[in-house]
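*Asks:* For reference, the chains in residue letters:
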Amino acid sequence: NAGVTQTPKFQVLKTGQSMTLQCAQDMNHNSMYWYRQDPGMGLRLIYYSASEGTTDKGEVPNGYNVSRLNKREFSLRLESAAPSQTSVYFCASSPRGGPSGANVLTFGAGSRLTVL
Amino acid sequence: GENVEQHPSTLSVQEGDSAVIKCTYSDSASNYFPWYKQELGKGPQLIIDIRSNVGEKKDQRIAVTLNKTAKHFSLHITETQPEDSAVYFCAARRGSARQLTFGSGTQLTVLP
Chain A
1 NAGVTQTPKF QVLKTGQSMT LQCAQDMNHN SMYWYRQDPG MGLRLIYYSA SEGTTDKGEV
61 PNGYNVSRLN KREFSLRLES AAPSQTSVYF CASSPRGGPS GANVLTFGAG SRLTVL
Chain B
1 GENVEQHPST LSVQEGDSAV IKCTYSDSAS NYFPWYKQEL GKGPQLIIDI RSNVGEKKDQ
61 RIAVTLNKTA KHFSLHITET QPEDSAVYFC AARRGSARQL TFGSGTQLTV LP
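First to last, the sequence lines map onto chains A and B.
Its first residue numbered 1, the first sequence is counted upward by one per residue in my numbering.
Its first residue numbered 1, the second sequence is counted upward by one per residue in my numbering.
Hints may contain errors.
Stated by the list, open to error - Cβ-Cβ distance ranges computed for the label pairs, FRET-style:
(1) A:V88 to B:T10: 28 to 34 Å
(2) A:E73 to B:K57: 32 to 38 Å
(3) B:P112 to A:T54: 46 to 52 Å
(4) A:Q22 to B:S9: 30 to 36 Å
Stated by the list, open to error - Taking lysine-lysine pairs in the DSSO-like style, the calculated list, with each CA pair at most 30 Å apart, reads:
(5) B:K42 to A:K14
(6) B:K71 to B:K57
(7) A:K71 to B:K42
(8) A:K9 to B:K42
(9) B:K71 to A:K57
(10) B:K22 to B:K42
(11) A:K71 to B:K37
(12) B:K37 to A:K9
(13) B:K58 to B:K71
(14) B:K57 to A:K71
(15) A:K57 to B:K58
(16) B:K22 to B:K57
(17) B:K58 to B:K22
(18) A:K71 to A:K9
(19) B:K37 to B:K57
(20) A:K57 to B:K42
(21) B:K68 to B:K57
(22) A:K57 to B:K22
Think of the hints as simulated: they come from the structure by calculation, not from any bench.
Treat the numbers as computed from the prediction; the structure is a model and nothing was measured.
By construction, the Cβ of each residue, glycine as well, lies at the ideal position given by its N, Cα and C atoms.
Kindly generate the complete structure, drawing on both the sequences and the hints.
*Replies:* Right, here's the structure in full:
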């Protein structure tokens with residue numbers, strides 16, 4: 001059981017280039033999330049998808065787009081990368097995104113992105 | 001929205017000693033408080049959580065306490081071991097919210 005798989009693990013971009021981070025989960029979870037992790041700032045939510053067919057903005061959505069391709073896959077796209085988007089990106093999933101229950105997150109191993 | 005502050009940012013303890021990490025939250029409606037551990041090169045993993053109707057919860061060497069009046073909660077690790085070295089994140093969530101708000105993280109180092 002792989003859990004949450006992210007690709008690529010490392011990527012270097014030049015300013016203005018575009019790229020897509022891929023995420024897939026095999027736990028039949030309804031909800032998926034994209035976070036970025038920066039030193040001293042913890043984990044900040046970029047976008048999430050409470051269920052297949054829905055997406056919502058998180059705390060720091062500017063400069064990103066997402067696609068919930070199906071129940072398993074949730075991709076994050078940078079259309080025109082900027083140095084401020086240099087970060088470690090984590091995808092996560094949870095059984096459900098509603099207010100009830102503990103909503104435990106399962107994280108992927110992360111994708112380290114550097115924008116020059 | 002919710003704001004979660006976490007202290008200290010770094011913590012070093014001798015093996016066998018206890019470690020305490022503290023978090024405060026701003027939204028009195030928050031009712032779920034998990035703690036995640038992130039080992040080097042890996043994603044965070046849930047280690048313990050507590051709901052607002054409980055004051056303390058233990059799981060072997062780790063425990064979490066919650067003070068709703070003061071709006072703070074703490075992670076306690078006893079008899080620390082080298083494998084406890086990691087970054088620890090606290091988080092909080094309102095019952096009506098769909099996502100967690102994380103603290104800034106604590107780098108715990110257990111010295112042999």
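*Asks:* Work down the list of hints and note, for each, if the structure agrees.
*Replies:* Results for each hint:
1. A:V88 to B:T10: 28 to 34 Å: The hinted range 28 to 34 Å is violated for V88 (chain A) and T10 (chain B), with Cβ atoms some 18 Å apart.
2. A:E73 to B:K57: 32 to 38 Å: Holds, since E73 (chain A) and K57 (chain B) (Cβ atoms, about 35 Å apart) stay within the stated range.
3. B:P112 to A:T54: 46 to 52 Å: The hint (46 to 52 Å, Cβ to Cβ) holds, given that P112 (chain B) and T54 (chain A) are roughly 49 Å apart.
4. A:Q22 to B:S9: 30 to 36 Å: Taking Cβ atoms as reference, Q22 (chain A) and S9 (chain B) lie about 32 Å apart, which means the hint holds.
5. B:K42 to A:K14: holds, 26 Å
6. B:K71 to B:K57: holds, 17 Å
7. A:K71 to B:K42: holds, 24 Å
8. A:K9 to B:K42: Holds, at about 11 Å.
9. B:K71 to A:K57: holds, 27 Å
10. B:K22 to B:K42: holds, 23 Å
11. A:K71 to B:K37: holds, 27 Å
12. B:K37 to A:K9: holds, 20 Å
13. B:K58 to B:K71: Cα-Cα ~19 Å, so holds.
14. B:K57 to A:K71: Not satisfied, since the Cα-Cα distance of roughly 34 Å exceeds 30 Å.
15. A:K57 to B:K58: Given pair K57 (chain A), K58 (chain B) is violated - Cα atoms ~35 Å apart, limit 30 Å.
16. B:K22 to B:K57: holds, 15 Å
17. B:K58 to B:K22: holds, 16 Å
18. A:K71 to A:K9: holds, 22 Å
19. B:K37 to B:K57: Cα-Cα ~17 Å, so holds.
20. A:K57 to B:K42: holds, 25 Å
21. B:K68 to B:K57: holds, 14 Å
22. A:K57 to B:K22: holds, 29 Å
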